[in-house]
Every structure is written in structure tokens, then in C-alpha cells.
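There are 2 protein chains.
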Amino acid sequence: MAASAPSSSGGEPDPNSTNLRPPGTRFLQKNNNLEEKISSFKERSSKDLLDNSDRDSRFRRTETDFSNLFARDLLPAKNGEEPTMQFLLEVVDILTNYVRKTFDRSTKVLDFHHPHQLLEGMEGFNLELSDQPESLEQILVDCRDTLKYGVRTGHPRFFNQLSTGLDIIGLAGEWLTSTANTNMFTYEIAPVFVLMEQLTLKKMREIIGWPDGEGDGIFSPGGAISNMYSVMTARYKFFPDVKTKGMTAAHRLVLFTSEHSHYSIKKASAALGFGTENLILLSTDERGRVIPADLEAKVIDAKARGCVPMFVNATAGSTVYGAFDPIHEIADICEKYNMWLHVDGAWGGGLLMSRKHRHKLSGVERANSVTWNPHKMMGVPLQCSAILVRERGVLSGCNSMCAGYLFQPDKQYDVSYDTGDKAIQCGRHVDIFKFWLMWKAKGTIGFEHHIDKCLDLSHYLYTKIRDREGYQMVFEGEPQHTNVCFWYLPPGIRDMPDGQERRDRLHKVAPKIKALMMESGTTMVGYQPQGDKVNFFRMVISNPAATRSDIDFLTDEIERLGHDL
Amino acid sequence: MAASAPSSSGGEPDPNSTNLRPPGTRFLQKNNNLEEKISSFKERSSKDLLDNSDRDSRFRRTETDFSNLFARDLLPAKNGEEPTMQFLLEVVDILTNYVRKTFDRSTKVLDFHHPHQLLEGMEGFNLELSDQPESLEQILVDCRDTLKYGVRTGHPRFFNQLSTGLDIIGLAGEWLTSTANTNMFTYEIAPVFVLMEQLTLKKMREIIGWPDGEGDGIFSPGGAISNMYSVMTARYKFFPDVKTKGMTAAHRLVLFTSEHSHYSIKKASAALGFGTENLILLSTDERGRVIPADLEAKVIDAKARGCVPMFVNATAGSTVYGAFDPIHEIADICEKYNMWLHVDGAWGGGLLMSRKHRHKLSGVERANSVTWNPHKMMGVPLQCSAILVRERGVLSGCNSMCAGYLFQPDKQYDVSYDTGDKAIQCGRHVDIFKFWLMWKAKGTIGFEHHIDKCLDLSHYLYTKIRDREGYQMVFEGEPQHTNVCFWYLPPGIRDMPDGQERRDRLHKVAPKIKALMMESGTTMVGYQPQGDKVNFFRMVISNPAATRSDIDFLTDEIERLGHDL
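From first to last, the protein sequence lines stand for chains A and B. In this text, residue positions in the first sequence follow this note's numbering: the first is 511, and each later residue adds one. In this text, residue positions in the second sequence follow this note's numbering: the first is 511, and each later residue adds one.
No lab work stands behind these hints: they were computed from the structure. Hints may be right or wrong, so weigh each one.
Since copy identity is lost for identical chains, a pair holds within one copy or between any two.
Once the Cα atoms are required to be at most 30 Å apart in a straight line, the calculated DSS-like pairs of lysine-lysine come out as [stated by the list, open to error]:
no.	residue 1	residue 2
1	Lys808	Lys755
2	Lys1043	Lys747
3	Lys921	Lys618
4	Lys588	Lys658
5	Lys713	Lys747
6	Lys866	Lys658
7	Lys755	Lys813
8	Lys658	Lys921
9	Lys1022	Lys755
10	Lys921	Lys1022
11	Lys866	Lys588
12	Lys747	Lys776
13	Lys713	Lys658
14	Lys658	Lys712
15	Lys776	Lys755
16	Lys658	Lys618
17	Lys963	Lys588
18	Lys755	Lys866
19	Lys618	Lys1022
20	Lys846	Lys755
21	Lys713	Lys974
22	Lys974	Lys1022
23	Lys713	Lys1022
24	Lys588	Lys1043
Nothing here was measured: the structure is a model prediction, and the numbers come from that model.
Same shape as in the complex, but just chain A:
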């Protein structure tokens, strides 16, 4: 057992305990000294209660020796308030320093180490867990080391993922969310957050273009789960018996999605019992956009084979090319053949906030459901993904199980606000607050500005490298999203004749440059092959900190590291 148990663990009433009761009520408490406590309580002015704004109680950081302090000395331990405040403020100091440096171009994006190096222990950074507690001093060192050996995803030169950047308002929102530490399943324990979710989802549906923002939706743990919701909801709409009888109640259902679409549609087909073979991949044009005629042909073919076409996913902003499928033409086909139209706007949904770019999602208002990840193009911290459904009631019909211990019908408030039963989760993390707070702080126009700026930057990159020596675009024409896909050809490859040998060498260029980038820690950008195309770079811009100078830095760095390959 722990060497020193917290004082509050004993059987005695906590001497610090003050009992909150409405004055004048009958009082049954049996503890000693209660009369005094009541008096002292009554003397407090009522504004003290639940008032977070009392400025005189601010804690100041003082030099604290954490080497003899342990977790057990923090609240709720007796006299734990002072060490708790000092410890939290020390952590905040580490974090704010990290934030400052994240935006400082003189710091590296990462300090790369191989897994075995970190596992062996870096200068005393020991990842192993043990039976005995570490001092708070060591815990603070662990916090610093964790950040030190991590990747600065908010750095202006981190372009590796669709989600980049570190939004300060969003960060503050997430800190508050952690502190509130509650759960979205009922209004009872998350009244404010539940309402924020409801209002924000309505706003998103209005922006999609559904009349009066009607419909339904929920925030889920990422775009893959949001896409899974869309397939489940479609199945429930057309074949509600599947919920009780299983997939035997609806044989041979088939789904359609682009060969360029996100792999989560395939994961959903596997998980939900359709089978990946019953997910039919649609051909795309050279820019990665679904060819509607191919969809119709494959629907007709599937019907001829006795299958039941049920669901079409149109991608709004594909992962690699940033392509937007033509939603109107796909919607026409969905209406004709009575199929559910889902728009996966995990990446491209953010463009709906821009008057200049939202036309790329034209027709989204005809979708039955939409995935939209504010944690990607809108810069909201991870995780923040919404599934939005046009028809009210389908989502809850699909998922509700009416657990008596959570969703009691005989509560004192309007239980239609207990939205948790719509989810496939039970407990659900509060993903809404940071997004709501960012929307408050930026306004709709702030998001619009951010999106327009990122697309301007990608336009800058595209026009810069389009005709530059040593670069070759993966597809012709201006990219639709911020994705700019290109090969860098080192001088030694440029004059080689087309053929397998050149392809083989080119295939190795991007991984090699990426490895050198990570080792020098200066910047990060993604690469991958696609279809018959060998490894190429996929540049994406969602980071509000990025500027033209960072784009220039990236191309310079590619050329520096790749020149002699």
C-alpha cells in the first residue's frame, strides 16, 4: 500500500467538510461541530457559491519543491489546495512554453528518434510503469520529455496531415472541457454542452442548406465513425428489420464509393456486415472525381446480378487529390434508383464556410447525410467530427436501446434533450465545446477567412511549382482543395527515359526525402502512391500559421534534400 495514505481515507468525517444546505431546512447531519460550520456557511455571501470570477482568490506561482510531493498530496488530500495549484501552474508553464515555441520557426518540427531509442530511454525518460509512485518533480520532467520527443503538429511547417495547426481558442476550450470532465449522454450531467451541440449541429445543417436547419446529427469520434453512422442510418431507413433480425433481413445489399474515397467506407462495410466485396468502387476521372455514368452503369449491373443498391458515398474533398465528386449528378442517380446519398465532407466540408469555395459542394443539400470534420479544415483541435442526417428520427431509431439506468423517462426535465441514445457509444467525450468557443470567438467570417487563406496558399504553391524545373504535377489543372500532389525529380532522374527503371527510382525519392526531413526535423509533408502512380508528395494546407515563406521553405527543403538522390 501507499506509504502515506490521504487523510481523507479514514472513517472519520473530514474536518474540512462544510455542508451546503439551504438555510432553514431541517438538518440531520450527525457530525460534530456542525453548528459552527453552518454559521460559517451562512456568513458566506451567496455570491461565493458557484462564482468563478472572484478575482481576489488568484493563485500566484511560487517556487515549490516538488521532489518531496506526490500525487497523494494533491486535492482531495487535506491541505492539498496549495500544492495542487502550484503543480497545475507549473504544468501550465510547460504548456505555454510549448505553445510559444510551436509558433517559432527557429524550433524544429520534431526531434526524430526510432522506436527502439525511445524504448531504451532517452536521458532518463523512462516510459515503463512501476508499482511505486514517482515524485511530482519527476512527473513534471515526464511532461516536458513527452513534448520534447513528440511532433509539433501546430508548427507553421508541419504539413503532414489534414489536421494541422494549434488554435489558441480551441486549445483553451479543450482545457476547459478536460476540467469539466463530463459526458455527453444526458442533459442531466452535461446541460450546457448538450445544448451547444444541438445549436451547433443546427447551424451546420443550415449551412449545408437543409430547410430551417432541420434534421439530426451527433458529434462522433472522427470521420471514420461518422461515415459508419451514415451507412448504419441508411440501412435502418431502408431495412429497419436489420436492427432486430440482422443482415439476413436484407440480402445482397451493395454500397458504392469512389476508388479515391477514404478507406473508412471500406472499414464500415466490413464492420457492419456488408463485406468489402459488396462495396463497389467507382472509377474516377484524371482529377480523382467520380464519373457519374460509371455509377449508373454499376448500379444497373448490380441490380442485374440480383443485388440491392442501397448507398452511395460522394466524397467532398478526397484525402489524396482533394477531389470533389459531382454531387448533383450523383444525387440524380440516387433519386432515380432510390439510394441513400451520403457526402463524406470530412476534409472538404469546411469549404461550406467560404462564399468563394462552397460551390465545390454544390448539391450537398440533396444528401441524406453528411460527414463534416471541423478538426480538419476548420482548425478545431482533435477530435471534432459531425455526422448530420437530413431526416429526423432515423439516427435515434437506428441506435436507441433505451437503457433504463441512463434514460429514465420520469425525470423532471424535458428528456428529449437526453440525446445519448442516438450514439453507438454510451459515454461520449465532449467534442463540442472547443468548436462552439472557436465559432463564438471567430464568427462565421473568421472560419471563412481561414479557409480562403489556406486555399490562396495552395494556389501559390501550385502556380510556383507547376512549371518549375524538377517538378511534375500528378494531375493537370488547379487543385480543388488545398491538396497539391507532385513529384520532385532529382537532377539525376530528369533526363532518364520513361520506363520501369525511372519509375522505380522515382518511387524511392519521396520516402527518402521524407526520411531526411524527419531526421533534420525541419518540416513534414506526406507522400504515397495512388493506383499506378509511384510515390508522390501530397501537400495539404490547413494550418493558419503557414505563410508563403513556409511554402517556399518546403520546396527549398525538398530540393536541398532531394538534389543528390
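Fit chain B to the known structure of chain A by using the hints.
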């Protein structure tokens, strides 16, 4: 557009930009004044890079007028560092005040308002989103109000959910996680967190009792998803073709779970295409534990009907009664009939950390998979749930889709650490760090102490009310977990003869007391009906801040509020 655009949005290179490059390398940057920047960079000592510990750079809070500051004035805006630091420190002040008050028994647990009241706006707290930005001063007010109208789930008298308490180390861990703002899918962008997850899962498997901690696992967004993983993994183990061919490749599969088990097993049956009718509910004894003979009888019956029994869920710590199913006896039956044994230890798994109580999960080492939520009994902040699988390879075989843009095989490091493809998610929130940090800070013995203390407290409550006038236990005998289930009988009911009228009146008592509790804001505890039993209180203790005096307070409060019902 926003009235004042951030300075960094223009096409000009950011004048604050400093370019990080290894000294002596060829330099291609075309920007002006670069020579100066390089010199200034070289002058910095190398320890500045990635060093979070420089103490001289601490920011101090100063009185700042936030009324004329907006989100666009924060980093990455030019000169944004000072307002960013002041804003974050102001937020931290709000949060640390909230933390202090959370542990202060003179504050309310909640300040209840109905949905329509909050929607109408409370003293200027306006939830609606608008096109124009709000000042940072208003954002700070919004933060205070959000906490003010929420529920203090860490309050020593909040007993409403299985997850209660506010662990300071866990909180610090979650703040750091938000600041790092990365994603678990690859080692590339989450090297430290990926390794922490791996080591922690191994430790958990060792504690379960699997040889050498071998096996697999992943942290998922809650116990419901972890349970869903178990069903998917079992299906893949026995019928791998379902992944590609769908449920038609494996007809008439049936699953078994206790009638007292968590509703997520039912949600998984519906979602994954089994159908809820193919989830067979097992009878329990009076204490809510599965009767093994009933399982065997139902397996035999299912087989006789041509069904294929595939999966049994044994609950270790049921949601309402806290019951532990007899795992060994269930495991015998699973072995006999070749079924997958899953143990849902979402709630009870934490008891594995206690030498005194872990015998309640005896046999768990025979399970094929285990759900274990550190965010429940172990006090880790939400969300933190693990699915652990005994056989290596099944989880990734089940879910992997090998997306080329994320899981490139030609990276420079050992890509077996890119664990994201095991998940049904793509992006995955970092749930591990807070848990890892708590384990470091408390040691295994710290968790043991916490669990033993909570069970001691529930023993105190049980012995207190077992024979107390006005109380009736829902089931006989000492509870296995911290769940204490009871009816409170107001004096007016005590002498009524058994019958429908008494039942009807008793059914209304718990909801009424709960409503009064919430309106007075003094404490919160859950209630529900179960089977043919009318509404009763379910007291659970997982909050490290709770003491005997809080238990006394709860019963006093029930008696005070319920006396005249």
C-alpha cells in the same frame, strides 16, 4: 470578411520568420534579409531548440484589457505572443478556481436549470452562434458561464455516474494532450504516445494474467466501442470471410449476454449486422450474476434450432448491481462449445489492481478479450477505455485496410509501430497520456489504494442502511462492487400493505427525491427500475474525494427530501 485580417495572411514572407536549417547546408531560400536571420539563428545556443525547461522565459499574468482583443490577435498573428499568453493564463485562472471549488463542500454540485431556461439565455449567457466574432473578454465570460451552469462531476458528493472525481494528475495529462494535439494513427506523428499505449496495454494484459502480457489491444472511445470490438474480433476469428463477403458468409450466428449486462452489447449486435434477436439474454441469480446452467441450456437450444453460438459476454461489474458473472464456469462452457469469451470489465476491471478484490474477476485470464475502462473505477478523466485481446493478430486482421496514404511500408522506421490500422477509426484521440501519467504518479499501489478505499466506503454505506428504518435493499448480501442498490421508503409508505398501490407510490419516490436533489444542487445519485423492480437508488462510489461524511450527507439528504413524500 473580418474587419482586421491577421498580418500573416498576406503574400509577403512573415518578417518574424526564422528559418531552421543545419548550419553549413546549401541554402536556397529567396527571402530578403535571410543572411541576418541565419546569423541570428546561429547565435542561439542549440539547447534552445526543443527545450521546454527554460525558466527565465516564464510569463507572468498582467492586467490585460481583453475587450478590444479578438481571436485574430492571438498567435499566429504578428505580436500575438503576449496576448496569447495572457489569454491562456486568464483561462487557467478560471479553471484553477473551478478546480478548487470542485473540492469545496460549501459549493453546490450543480445549479440546475431547465433546457428552455438555458436556451433563453441566462444573464447574458447566449448560446447562439453568429457571423461576427466576440471579444476575448466575452469569450472568457462564456468560459465562466459554461462552468457555472454545468455539473461538478468531481465534487465529493457527485455519485451519479460510474465515472466521477477529478484527478489532478489526469487533468494535467489531458491539458498536455490537448496542447500536443496529435493523432494516434502513426508512430510518425505520435511517437511517444504510441509507445506509451503499447507499454500500458502490455501492463494491463500482465495484470489480467495473460502469459508475459502477450496479446493485442487498443484504446477506444469508450466501453461501448470496446465491446463492439470484441464482437467484431470474435467474428473475424471464427468467420474471417465475413470481412469480405459480409454476414451471408456466416449464417445464424448467436451471441449471449446477461440480462443485466450493459446495453452496448445489444447496440453492437444491431450495428454489426447480427440483429438484436440473435443476442440471447441469460438469466441471473438474485444478485444479478449469470447462471452458468442457463447459458449451457441456451447454447444447446440454439444449436438445436440450427444457430451457431459464437460469443459470450461475461460482465465483470454490472452497471446497476455491480455483479460479477462467474467467469470460470462460463469459460468452461465456452471451451466446451468453442465460443469466444469476452469479459466486459468496463466497470469492474479496475478491481484487478487490488490484491484484496481481484478475486472477483477470477478466470479473467481465460477470456479471449477484455474491456477495461480506466475512466471508471480508476478515476482517469474521460475518455479512457481499452479493449484487450489475448491472441495477437486478430484485431489487426479484422480491421486493417492498409491505406496507402497513412501506412506507407517504405518509411525509415519500424512500421510495426504504426498501429492505427487496427482501429475502426482513422484519426484517434490520444487517450493514453493522462492514464500513463497517473500510473507514473500513483504507481500500481496508488490505484490499489483508491479502489480499496472506494469499496470500503460502499461497505460503510451498506452496513449503515442495511438495517436502518426506511431503507430496503434491492438484493440481499454484501455488494460485490461499490454499487449499493436500495429503496428509500418515506414514512407514509412504510406501513402500507404490499401491492400495486404501494409499488406505484414507491416507484415515484426516487425520481422525486432526485429532482429535489438536483434543484437544491446538494448531491446527485442515480436511480432506475430493473426488471420487475420499481425505481430504486443505485449508489456508486468511484470518486477519490468522497469520505464517510459524504455518504452520511447523502442518506441525510435522501431522508430530508423524501420524508414527506
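Going down the list of hints, with the structure as the test:
Taking the shortest alpha-carbon separations for lysine 808 and lysine 755, both the intra-copy value of 28 Å and the inter-copy value of 18 Å come in at or below 30 Å. With identical chains, the CA atoms of lysine 1043 and lysine 747 are never at most 30 Å apart, being 39 Å at best within one copy and 35 Å at best between copies. In this assembly of identical chains, the alpha carbons of lysine 921 and lysine 618 lie at most 30 Å apart only when taken from different copies (20 Å versus 54 Å within one copy). When the C-alpha separation of lysine 588 and lysine 658 is checked against a cutoff of 30 Å, the pair qualifies only between copies, where the shortest distance is 25 Å, while the shortest distance within a copy is 34 Å.
For a Cα distance limit of 30 Å, the shortest separation of lysine 713 from lysine 747 inside one copy, 24 Å, qualifies, whereas the shortest one across copies, 44 Å, does not. With identical chains, the CA atoms of lysine 866 and lysine 658 are never at most 30 Å apart, being 40 Å at best within one copy and 39 Å at best between copies. Proximity of lysine 755 to lysine 813 under the C-alpha cut-off of 30 Å is found in both arrangements, the shortest distances being 23 Å within a copy and 17 Å between copies. For the identical chains of this complex, lysine 658 and lysine 921 are inter-copy neighbours only, at 22 Å across copies versus 49 Å inside a copy, given an alpha-carbon limit of 30 Å.
For the homomeric pair lysine 1022 and lysine 755, neither the shortest alpha-carbon distance inside one copy (52 Å) nor that between copies (38 Å) is at most 30 Å. For the homomeric pair lysine 921 and lysine 1022, the shortest alpha-carbon distance between copies (8 Å) is at most 30 Å, but the shortest distance inside one copy (61 Å) is not. Proximity of lysine 866 to lysine 588 under the C-alpha cut-off of 30 Å is restricted to the inter-copy arrangement: shortest distance 26 Å between copies versus 59 Å within a copy. Taking the shortest Cα distances, lysine 747 and lysine 776 sit within 30 Å of each other both inside one copy (20 Å) and across copies (19 Å).
Taking CA atoms no more than 30 Å apart as the test, lysine 713 paired with lysine 658 passes between copies only; the shortest distance there is 24 Å, against 39 Å inside one copy. With identical chains, the CA atoms of lysine 658 and lysine 712 are at most 30 Å apart between copies only, with a shortest distance of 24 Å across copies and 40 Å within one. Taking the closest pair of Cα atoms, lysine 776 and lysine 755 come within 30 Å of each other both inside a single copy (23 Å) and across two copies (12 Å). In the homo-oligomer, the alpha carbons of lysine 658 and lysine 618 lie at most 30 Å apart inside one protomer (10 Å), although the nearest pairing across protomers, at 40 Å, exceeds that limit.
With identical chains, the CA atoms of lysine 963 and lysine 588 are at most 30 Å apart between copies only, with a shortest distance of 16 Å across copies and 52 Å within one. Proximity of lysine 755 and lysine 866 under a CA criterion of 30 Å is satisfied in neither setting, with 47 Å inside one chain copy and 43 Å between copies. For the identical chains of this complex, lysine 618 and lysine 1022 are intra-copy neighbours only, at 19 Å inside a copy versus 59 Å across copies, given an alpha-carbon limit of 30 Å. Proximity of lysine 846 and lysine 755 under a CA criterion of 30 Å is satisfied in both settings, with 28 Å inside one chain copy and 27 Å between copies.
Proximity of lysine 713 and lysine 974 under a CA criterion of 30 Å is satisfied in neither setting, with 37 Å inside one chain copy and 51 Å between copies. Within a single copy, lysine 974 and lysine 1022 get their C-alpha atoms as close as 23 Å, which meets the 30 Å cut-off; across copies the closest is 69 Å, which misses it. When the C-alpha separation of lysine 713 and lysine 1022 is checked against a cutoff of 30 Å, the pair qualifies neither within a copy, at 45 Å, nor between copies, at 36 Å. In this assembly of identical chains, the alpha carbons of lysine 588 and lysine 1043 never lie at most 30 Å apart, being 65 Å within a copy and 41 Å across copies at closest.
Hint compliance for this structure: hints 2, 6, 9, 18, 21, 23 and 24 are broken, all remaining hints hold.
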